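Taken in order, these protein sequences are the chains called L and H.
Per our numbering, the very first residue in the first sequence carries number 1; after that it's consecutive.
Per our numbering, the very first residue in the second sequence carries number 1001; after that it's consecutive.
Simulated from the structure, these hints should not be mistaken for laboratory data.
Every value quoted in this text rests on a predicted model; they were computed, and no experiment measured them.
Any given hint could turn out to be false.
[Claimed, not checked] Computed footprint of chain L on chain H; a stretch qualifies when at least three of its residues, placed anywhere within it, have a C-beta under 8 Å from a C-beta of chain L:
| # | segment |
| --- | --- |
| 1 | 1011 to 1020 |
| 2 | 1157 to 1171 |
| 3 | 1202 to 1210 |
[What the hints assert, rightly or not] BS3-like cross-link-like pairs, simulated, lysine-lysine; straight-line CA separation at most 27 Å:
| # | chain 1 | residue 1 | chain 2 | residue 2 |
| --- | --- | --- | --- | --- |
| 4 | H | 1248 | L | 225 |
| 5 | H | 1002 | H | 1143 |
| 6 | H | 1027 | H | 1002 |
| 7 | H | 1256 | L | 225 |
| 8 | H | 1199 | L | 250 |
| 9 | L | 260 | H | 1248 |
| 10 | L | 77 | H | 1077 |
| 11 | H | 1248 | H | 1270 |
| 12 | L | 152 | H | 1077 |
| 13 | L | 270 | L | 225 |
| 14 | L | 113 | H | 1143 |
| 15 | H | 1053 | L | 77 |
| 16 | L | 225 | L | 263 |
| 17 | L | 45 | L | 270 |
| 18 | H | 1227 | H | 1206 |
Heads up, the beta-carbon is just placed ideally off N, CA and C, and yes, glycines get one too.
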Amino acid sequence: MKIAVLSGKGGTGKTFISTNLACIADKATYVDCDVEEPNGHLFLKPEITKRIPISVLVPHVDESRCTACRKCVDFCKYNVLALAGDKLMIFYEICHSCGGCTLFCPQKALTEKEREVGVIEEGVSENVAVLTGLLNTGEVSGVPIIKHLMEKMPKHETVVIDCPPGSACVVMESIREADFCILVAEPTSFGVHNLTMIYELVTLFNIPFGVVINKVLPGENPAQKFCAEHKINILTQIPFDEELGRLNSKGHIVVDESKKYRKLFQELLKTVEGEVAK
Amino acid sequence: MKQLLILSGKGGTGKTTVSSAFIELSKCQAFADCDVDAPNLHFVVTQMPESEKTDYYGFQKAVIDESKCIKCGLCEKTCRFDAIKDNMVGLYECEGCSVCAEICPVQAITMTDHASGSMMLYQNKDTVFSTAQLNMGSGAPGKLVAEVKKRLTNAATTAKMAIIDGSPGIGCPVIASISGVDMVLIVAEPTISGIHDMKRIIDTAKHFGVSCAVCINKFDVNEDNTKEIERYCNNLKIPVIGRIPFDKTVIGAVNKCQSIACYPDSPAGKAITLIWDNLYYNYLKGGGGNAGTN
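Start from the sequences and build out the full structure, keeping to the hints where you can.
Right, here's the structure in full:
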């Protein structure tokens, strides 16, 4: 069973929910797909067993063969290549690795070489196997790292996927393999607007889902209202609790510290398992 | 025009809260929301007239003409994005590289324009607000961010300063938003995630040679971590220009679509006013550019 945890807005509690959900399961794999700012490892504190560099392919020019014919420059849709006089310049950082320039170079002056963009760390934290994707700073796209993370996920275990915020391409890559999505929302008007985006995304991909409303205060709850209007299943609501904030700020796993939240997450996992079995 | 960009690395630390307060306090005439994935600034900017909405065309998408296709499978084999299956192009997978169109032996594939978001420009007599919304599942957020900024600078020709609300993370949209700004203000949060992510966004800003300053939001949630942030920044000679206390007035203001600057006597409102004054008089007004020597 693969559960993806996502939210339109950042800071709603994706990592809080995914790490605690992974810890409450008998055995689970936690996958951090928020490769720009992965935080799960700060809570799970895994012992790292393996570091795997992740590379992408970028063009490399053999200047003795290049005739400055411009074929590659004109072909590339991402403006990776440019000619300065008759010298070919390559801006690797923005390359999408489509391979077109190399494939169509009439002089066969271009070859592809690997360029490291980040790393995947494999580790263990008690009953949880931890996979963390980490994009190097200054790099543009985490998609290649997320694709490798997807391939590394075990097939038949409980897997919790901690997604990047938003609803763009990186999120789509992260939920591709999911059997169930947990949408985390805050009960504010910002929260509802961003919930709408991911609600449309999971509906489009036809993945079963439910909502967790986090940091609930007494009084108005526009997220709950939105769910009622759209007949969306609310899996649980987590109260705004300063104690949670304190534990979280120190990097503690809440289910290890509090009976009340241990029970809440046990029930959440059970609810999700029930939904997946449907 | 001086450009101030608000970033955070981690999401939900208070970028929009800080940006919207700065816009209000400075009576800013040019501002933008570059969080094209989950824009929220337009909720708080309520006094502007209806926006002018324009489709955003990102990268093109490949389309296969079935009547010409000979089903040779060459496109599917060559596509690096696994975007072609059974002679059909997946809209969400295609990144518009056009390798398939070039390699097709019977010219059955054409590249076509594809709207992947909308851009909104709000304007009144003396103020311009540029924002956008990327369609879900779309790529190329960086290109859209660049477009949002271009529309702002083109429309706000007389404004002396622009305030730009950024997106979380350190990737494509963040990098696009950093380009050309005079200063980055990082809104940090005193949690272990907040510290970790602040370090990565500082690295990113440095990588692109932009000076930065830091303010700490909800500083009283964990004062040890707040001191850790201040120590870290002092070592890098990055100015920490203020602390904002945790204040439920902010949540109330958000739900009423108001800026916290509308509550000048609230603890958070007071703190943000001080931060703005510090930032404006010491770093933005006049020469500026003396923050955070990189």
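Against the structure, the hints come out as follows:
Evaluation of the coverage hint for the segment 1011 to 1020 of chain H: fulfilled, as 4 residues show C-beta separations to chain L shorter than 8 Å, against a requirement of three. For the segment 1157 to 1171 of chain H, the stated coverage by chain L is satisfied: 5 residues place a CB nearer than 8 Å to a CB of that chain, which reaches the threshold of 3. Given a C-beta distance limit of less than 8 Å, the hint that chain L covers the segment 1202 to 1210 of chain H holds, as 4 residues qualify and 3 suffice. For a cut-off of 27 Å, the pair hint linking residue 1248 (chain H) to residue 225 (chain L) stands: about 21 Å separates their Cα positions.
The straight-line distance between the Cα atoms of residue 1002 (chain H) and residue 1143 (chain H) is roughly 22 Å, inside the 27 Å bound, and the hint therefore holds. Only pairs whose Cα atoms come within 27 Å are accepted, and residue 1027 (chain H) paired with residue 1002 (chain H) is accepted, the gap being roughly 15 Å. Straight-line distance between C-alpha atoms of residue 1256 (chain H) and residue 225 (chain L) comes to about 16 Å, which keeps the hinted pair within the 27 Å bound. Under the criterion of a C-alpha separation no larger than 27 Å, the hint pairing residue 1199 (chain H) with residue 250 (chain L) is consistent with the structure, at around 17 Å.
Between residue 260 (chain L) and residue 1248 (chain H) the alpha-carbon distance is near 24 Å, which keeps this suggested pair within the 27 Å criterion. For the hint pairing residue 77 (chain L) with residue 1077 (chain H), the CA-to-CA distance comes to about 20 Å; that is within 27 Å, so the pair holds. Taking the CA atoms of residue 1248 (chain H) and residue 1270 (chain H), the gap is near 14 Å; set against the 27 Å cutoff, the hint holds. Taking the CA atoms of residue 152 (chain L) and residue 1077 (chain H), the gap is about 23 Å. The hint holds against a cut of 27 Å.
At roughly 24 Å between alpha-carbon atoms, residue 270 (chain L) and residue 225 (chain L) fall within 27 Å of each other, so this suggested pair holds. With a C-alpha separation of about 26 Å, the suggested pairing of residue 113 (chain L) with residue 1143 (chain H) holds against the 27 Å cut-off. For the given pair, residue 1053 (chain H) sits about 26 Å from residue 77 (chain L) by alpha-carbon distance, which is consistent with the 27 Å threshold. At roughly 26 Å between alpha-carbon atoms, residue 225 (chain L) and residue 263 (chain L) fall within 27 Å of each other, so this suggested pair holds.
Proximity of residue 45 (chain L) to residue 270 (chain L) is assessed by CA-CA distance (about 25 Å); at most 27 Å being required, the pair is judged to hold. Distance restraint check for residue 1227 (chain H) and residue 1206 (chain H): the Cα-Cα separation of roughly 22 Å lies within the 27 Å cut-off, and the hinted pair is therefore satisfied.
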